Amino acid sequence: MSACRRLLWLSLLATGLLAPVVMAQTYPHAFPRTGVTRLFENERVIAWDVKWLHDVPQPYHRHQYDMAGVYTVYGPIQVTGVDGIVAPITPFAVPRPYYQPKGITHKEEAMGLAGAPVREAVMLDLKEGTFAPVTRAGTPAAFPREGAARAIDNDRVVEWDYAWIPGRPVETRIYERDAVEVFFDGGTIRYRTPDGKEETRTFSRKDARFIPRGTIRSEAAVAGAPRAVIVELK
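Its first residue numbered 5, the sequence shown is counted upward by one per residue in this note's numbering.
Keep in mind that the hints were calculated from the coordinates and are not lab data.
These numbers were taken from a predicted model, which means no experiment stands behind them.
Please note that the accuracy of each hint is not assured.
Keeping only pairs whose Cα atoms sit at most 25 Å apart, straight-line, the calculated DMTMM-like set for lysine to aspartate or glutamate is [as the list claims (entries may be wrong)]:
| # | residue 1 | residue 2 |
| --- | --- | --- |
| 1 | 210 | 112 |
| 2 | 55 | 211 |
| 3 | 131 | 199 |
| 4 | 106 | 47 |
| 5 | 210 | 165 |
With the sequences and hints as input, model every part of the structure.
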């Protein structure tokens with residue numbers, strides 16, 4: 005920088021004309037970052053496999069999307085706001101369905117306590133858009149259903165905690181809303197569509213998949229006792 009330009013810059017700074025530029029602070033989006041892997045993305049969501057790794061410094065970030073998801077492993081983390089205030093640590097049981105509005109700015113770091121597990125989750129960045137539910141006369145909605153606990157219900161999502169029971173198949177139902185299914189306990193499920201097609205799939209913890217609205221099928225657990233949190237997107 006030349007001497008003249010340096011003097012001009014210092015003069016503008018002194019008068020406050022550069023203050024908005026100098027003081028403005030931008031933050032990266034929450035994801036990706038170290039310990040985070042993108043699982044899939046479509047017009048509705050970006051799904052992330054999140055691990056809060058021990059002894060890994062993390063940057064301040066701003067959540068640019070409303071976010072839903074489920075914690076699958078609890079481990080202590082330290083959440084620090086841009087004002088330097090550290091949030092209290094509150095242990096919780098898993099699976100823990102979760103929702104957070106966009107705009108929150110902070111950093112999250114594992115505390116690295118001896119013997120403490122790494123916290124894990126599947127988190128969903130929720131994209132904007134209006135998507136009408138798909139219904140079918142005479143076919144009940146996928147949710148609510150027997151045994152499904154409604155965990156969260158707001159203007160963006162409904163989250164259900166549900167376990168399939170072996171020997172008790174779920175009647176043919178329609179997913180009226182787009183949904184993301186995040187498994188907590190693994191198992192094998194058989195699906196049958198109205199045209200008689202069958203598919204059998206085995207799932208493990210943290211497997212996540214997108215179910216498009218309008219999907220019609222019956223479901224039956226054929227091995228294990230699979231449990232998942234299903235996030236319906238409004």
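So, going through the hints one by one against the coordinates:
Taking the CA atoms of residue 210 and residue 112, the gap is about 21 Å. The hint holds against a cut of 25 Å. Taking the CA atoms of residue 55 and residue 211, the gap is near 14 Å; set against the 25 Å cutoff, the hint holds. Our distance criterion of 25 Å between C-alpha atoms is broken by residue 131 and residue 199, whose separation comes to about 33 Å. Distance restraint check for residue 106 and residue 47: the Cα-Cα separation of roughly 18 Å lies within the 25 Å cut-off, and the hinted pair is therefore satisfied.
Between the alpha carbons of residue 210 and residue 165 the distance comes to roughly 14 Å, so the proposed pair stays at or under 25 Å and holds.
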